[in-house]
Amino acid sequence: MIDPALVQSVIRILFAVVIVTAAYIISTRNLISLVSVYALQSLTLVLMALALWSLEGATVLLAIAAVTFVSKVLIIPYFIASIQERIRIRRDIEFHFLSPTTSLLLSMALILFIYIALANILEGTPARESLFFFGAVIGLSLMLMGMMVTFSRKRAITKVLGYLSMENGVLLFGMFVTELPFIIEFLIIIDLVILVMLTTILTVGLDSTLEEYHQRLHRFHLVGDTEDGP
Amino acid sequence: MNLAFGLYLVLNTAAVLLIAPLFVSIIKKVKAWAQGRSGPSVFQTYLTLAKLLKKETVYSSHSSWVMRLTPYVSIAAVLVAALFVPLVFVPEPVGGIGNIILLLYLLALARFFMALAGLDAGSSFGGMGSSREMSISAIIEPTTIIVFAALVFVFKSLNVFDMFAASAAAGAPATPTLILLGISLFIILVVETSRIPVDNPETHLELTMIHEGMILEQSGKNLALMELSAAVKLTLLMALLINLIVPFGLTTTLAIGTIAVATVLFVLKATVLAGIIGLFESSMAKMRFFRLPSLFAMAFFFSTLIIIIEVFA
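Chains A and B are the protein sequences, given in the same order. Its first residue numbered 1, the first sequence is counted upward by one per residue in this note's numbering. Its first residue numbered 231, the second sequence is counted upward by one per residue in this note's numbering.
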């Protein structure tokens, strides 16, 4: 059996990694590294689920780790990276409302706010002292930081990444605070996969007519050149 | 002042002067490898400094005493600052030595005089360098203060010696706060030593130069002193990072055996860190001037987070 104190300190380190990746996702402009950092963040969650499993022994955590690994570390990042390669967008330099610096400062305030709010809510309960309190704080913060990415970016593909990291926040929160039923987690992941597939459409152009859309698909090499164009 | 402390003063200064040029060369070497060149030898910086020390110093006819004084102020300030950051042996602190706020101000003093010297000769390049350096330092200084404040909160001491002693006693536990602090300190290191996302240390013919622009008018011995103080500054910031984050080997007892082991370990760790800096520099392009605050904001963000955690938890 692994020493629980060691596992707890590993989990604390993973929290730090999650925060670092979240900050990177908020502020970077390079799409390729954005996707790999998202994959890293998901991998961190997988490791965290495994660490929690070694603490608590609940099999559902193993299942969550497996599903997260397959979907969020392998399939989704691969899919987004391949879309990205085809549409040849490498950078997202356009921001709505907030610049990355402002977003970072704002997320700092958010974390502080969540920390104080949760500390007040959980005051006096045994949960206040445990690791689960930190898990809740970081999960909620990650969610809100993902939301900030979603509304401060202009490109659809980064909006989707913001959404995905928001979902990672939900997963983290669920893992630590409540026992999220596995079926719901599974459904969320199916949703995510469909969402990422829809990204193709969003990224290439939702605003276009059907004919224009076909042309765009050709221009971005999303359908093979052997097919007939419209 | 006791014997151990006196020994420390002499040994630390000698060590820092001796090994500082090495790390500059290692970074250059790693960058050259990353570009597919073989690069200069790792002892090239020593040879360059030796050559410069033999050369005659030329002053512009427009320059004043500031130009003549700056190299000495710069090397003096940096060497005193280097005393605040023990490389391998941590004695009991005496007087104000080791105070982290004083350390910050010593570095600021060197930088202030360097900027003045850039302006002094009246060349437009120097003026631009100084103006950029001051704009950047106006933004990075609050960040540095916050990072140092986070250090103070984590180690519950204003003295670098106490921090090092605490981290050495704790061994090498990678706690989350230390990881975040390490990232912040790394960003500070890159900015303070004018490395790539902020400044390009390779060239002084580009319009983007900052640090090289300011020392463009320096020559001969003075240039050697400026280069040496830049190298010492790099080493002391590296030592700060290394001895806080991976302190194993750092010793608090004055014994030849442990100090020898600690020295070897320090040189190894610093070589690895120099390699990391070289790879980091090779992997990114210089940032546009107005994008720099987002880099600093990262360090600011992590340190504030640490302070929040330390204050509330």
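It should be emphasised that the hints constitute simulated quantities derived from the structure, not laboratory data. Model, not experiment: these values are computed from the prediction. In this text, a Cβ means the ideal position worked out from N, Cα and C, and glycines have one as well. Check before you lean on any hint, since a few could be wrong.
Unchecked claim - Per label pair, the in silico range of CB-to-CB distance:
#1 A/A109 with B/A244: 45 to 51 Å
#2 A/F97 with B/V310: 43 to 49 Å
#3 B/T287 with A/R86: 57 to 63 Å
#4 A/S54 with B/A515: 54 to 60 Å
#5 B/V541 with A/I184: 34 to 40 Å
#6 B/Y276 with A/S54: 38 to 44 Å
#7 A/R86 with B/A338: 26 to 32 Å
#8 B/A515 with A/E56: 52 to 58 Å
#9 A/L62 with B/V310: 54 to 60 Å
Claimed, not checked - Now the stretches of chain B that chain A is said to cover, found in silico as 3 or more residues with beta-carbon under 8 Å:
#10 347-354
#11 443-451
#12 516-528
Given the hint of 52 to 58 Å, is the C-beta distance from B/A515 to A/E56 inside that range or not? Cβ of B/A515 to Cβ of A/E56: about 46 Å, so the range 52 to 58 Å is violated.
Has the hinted range 45 to 51 Å been met by the Cβ atoms of A/A109 and B/A244? Hint holds: Cβ distance 48 Å, inside 45 to 51 Å.
Per the coverage rule (Cβ-Cβ under 8 Å, at least three residues), is the segment 347-354 of chain B covered by chain A? violated (count 0)
Lying within 54 to 60 Å: is that true of the beta-carbon distance A/S54 to B/A515? 42 Å, violated
Do the beta carbons of B/T287 and A/R86 sit within 57 to 63 Å of each other? 60 Å, holds
CB-CB spacing for B/A338 and A/R86 relative to the 26 to 32 Å hint: Because 50 Å falls outside the window, the suggested range is violated.
Starting from the hint 54 to 60 Å, judge whether the C-beta atoms of A/L62 and B/V310 obey it. 57 Å, holds
Range agreement (Cβ of A/I184 with Cβ of B/V541, hint 34 to 40 Å): With a Cβ separation near 36 Å, B/V541 and A/I184 satisfy 34 to 40 Å, so the hint holds.
Supplied distance hint 43 to 49 Å, evaluated on CB atoms of A/F97 and B/V310: Because 47 Å falls inside the window, the suggested range holds.
Would you say the segment 516-528 of chain B counts as covered by chain A, given the rule of at least 3 residues with C-beta under 8 Å? With 4 residues in contact (Cβ-Cβ under 8 Å with chain A), the coverage given for the segment 516-528 of chain B holds.
Whether chain A covers the segment 443-451 of chain B (at least 3 residues having a Cβ closer than 8 Å to its Cβ atoms): violated (count 0)
Consistency of beta-carbon spacing, A/S54 to B/Y276, with hint 38 to 44 Å: At 52 Å between Cβs, range violated.
Checked against the numbered hints listed earlier, the structure breaks hints 4, 6, 7, 8, 10, 11; every other hint is satisfied.
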